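2 protein chains.
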Amino acid sequence: MVLYSYWRSSASYRVRMALKLKGLDHEIRPVHLVRDGGEQFADDYTALNPQQLVPTLIDGETVITQSMAMLEYLEERHPEPALLPGDHAGRARVRAIAQAIACEIHPLNNLRVLKYLTGTAGLDEDAKLAWYRHWTETGLAAVERMLDNPGTGRFCHGDEPGLADCCLLPQVYNAERFECNIAQLKRIRRICEALGKIPAVVEAMPENQPDAA
Amino acid sequence: MVLYSYWRSSASYRVRMALKLKGLDHEIRPVHLVRDGGEQFADDYTALNPQQLVPTLIDGETVITQSMAMLEYLEERHPEPALLPGDHAGRARVRAIAQAIACEIHPLNNLRVLKYLTGTAGLDEDAKLAWYRHWTETGLAAVERMLDNPGTGRFCHGDEPGLADCCLLPQVYNAERFECNIAQLKRIRRICEALGKIPAVVEAMPENQPDAA
Numbered sequence: 001m002v003l004y005s006y007w008r009s010s011a012s013y014r015v016r017m018a019l020k021l022k023g024l025d026h027e028i029r030p031v032h033l034v035r036d037g038g039e040q041f042a043d044d045y046t047a048l049n050p051q052q053l054v055p056t057l058i059d060g061e062t063v064i065t066q067s068m069a070m071l072e073y074l075e076e077r078h079p080e081p082a083l084l085p086g087d088h089a090g091r092a093r094v095r096a097i098a099q100a101i102a103c104e105i106h107p108l109n110n111l112r113v114l115k116y117l118t119g120t121a122g123l124d125e126d127a128k129l130a131w132y133r134h135w136t137e138t139g140l141a142a143v144e145r146m147l148d149n150p151g152t153g154r155f156c157h158g159d160e161p162g163l164a165d166c167c168l169l170p171q172v173y174n175a176e177r178f179e180c181n182i183a184q185l186k187r188i189r190r191i192c193e194a195l196g197k198i199p200a201v202v203e204a205m206p207e208n209q210p211d212a213a
Numbered sequence: 001m002v003l004y005s006y007w008r009s010s011a012s013y014r015v016r017m018a019l020k021l022k023g024l025d026h027e028i029r030p031v032h033l034v035r036d037g038g039e040q041f042a043d044d045y046t047a048l049n050p051q052q053l054v055p056t057l058i059d060g061e062t063v064i065t066q067s068m069a070m071l072e073y074l075e076e077r078h079p080e081p082a083l084l085p086g087d088h089a090g091r092a093r094v095r096a097i098a099q100a101i102a103c104e105i106h107p108l109n110n111l112r113v114l115k116y117l118t119g120t121a122g123l124d125e126d127a128k129l130a131w132y133r134h135w136t137e138t139g140l141a142a143v144e145r146m147l148d149n150p151g152t153g154r155f156c157h158g159d160e161p162g163l164a165d166c167c168l169l170p171q172v173y174n175a176e177r178f179e180c181n182i183a184q185l186k187r188i189r190r191i192c193e194a195l196g197k198i199p200a201v202v203e204a205m206p207e208n209q210p211d212a213a
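Protein chains in written order, with our numbering: chain U, 1 to 213; chain V, 1 to 213.
Just chain U, with the same shape it has in the complex (with noise of 0.2 Å):
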């Protein structure tokens, strides 16, 4: 397998977390989302990536798009290590909390909405972190709550590292990287903590990219 990603992209790490977490072999192809105007917007990278987003994972023929799409991907094709659980209740649980993280936080976030609201909509760099910061402030707070949860373990659910954990700690990365206010969110950084202490979690950090600069 392939897999196109910029190293500070968090969809991107989502990926890689699944990738290693699960064992599975793959090549890390480097797009970079600032030089040269951004290499996503190239036209071979174009074709494979119609959003011109990153990431992309190639599989033999199969060329899939979109990070969530991956997950359940690699959960289909490669079941074990499991990312979800095995009862209807707790997958949905799981796939809830990811899909809070990847359509509630993240898309808000996205270099390319940072770039209109400073752009078109004439925002100055204050008002741009301001917007950052509320939107990751509130969306995760609304995961803490979620998580004050029976289901919540050492990880998001239970005591094994799964789809929802693959969401939440590249968005806390990208909490941190602009220092929202999150300090307060115990069961988060509990479980941030708890997975930064899983070697394969480790490889799929941002710093640890070939393209980390």
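Hints were generated in silico from the structure; no laboratory data involved.
You may find that some hints are simply not true.
For chains that are exact copies, the list does not tell them apart, and a pair is met inside one copy or across any two.
Claimed, not checked - Here are the simulated SDA-like cross-link-like pairs (lysine to any residue), alpha carbons at most 25 Å apart as the crow flies:
#1 K197 to N110
#2 K197 to T120
#3 K20 to D36
#4 K186 to P50
#5 K22 to E76
#6 K22 to A89
#7 K115 to E125
#8 K128 to L111
#9 K115 to R145
#10 K115 to L129
#11 K186 to Q52
#12 K186 to V63
#13 K186 to D43
#14 K20 to R112
#15 K115 to P199
#16 K186 to L48
#17 K115 to D87
#18 K115 to E144
#19 K186 to F41
#20 K128 to R177
#21 K186 to A47
Values in this document were obtained by computation on a predicted structure and should not be read as measured data.
Following the hints, position chain V against chain U.
Same frame as chain U, but now just chain V:
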């Protein structure tokens, strides 16, 4: 099953479509997002849905938040008629189209986001509308490019309505409501026209909801 829904919420509309396409008995409980400052903020609703968003799906003891998690849950619990194809590559394609809408378009045009733009961020109504149209038009144009694929049939994938269609039609409803310019997106328009001829889909439409104004 009980679905807490708001007639104009496109995330609610996705789940209503899936319930109707699968022919599953359910009760709709309206949550008015505007009246009384928003019924989603009431304590009893927040207890069900800590993110204070619609929809919420209740199936016996199981409470599910996040519409994409609900669609996967319904597909796992009630596999027929299927909303996902049987092959891995096809499933990934359908999920990618669905997520391209659920993660890249819809979150940017949520009520709470529009409120922030004209409130805290100080944009005027014209700038808010420009924002709305920008993300809808560029996002649906990217979906149109994804549909330029041999996998597309009468619907987003093949000739039966599926999970991607459950995301597409509600987003196009929003696009039309806000007078976005999507006339040139021929594949999307053709698919939505075909969907509009399915009685189950018609029943799920905003104007046919008990809380439609």
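Handout entry: Non-conforming hints, listed in increasing numerical order
Key = Violated: hints 1, 2, 3, 14, 15, 17.
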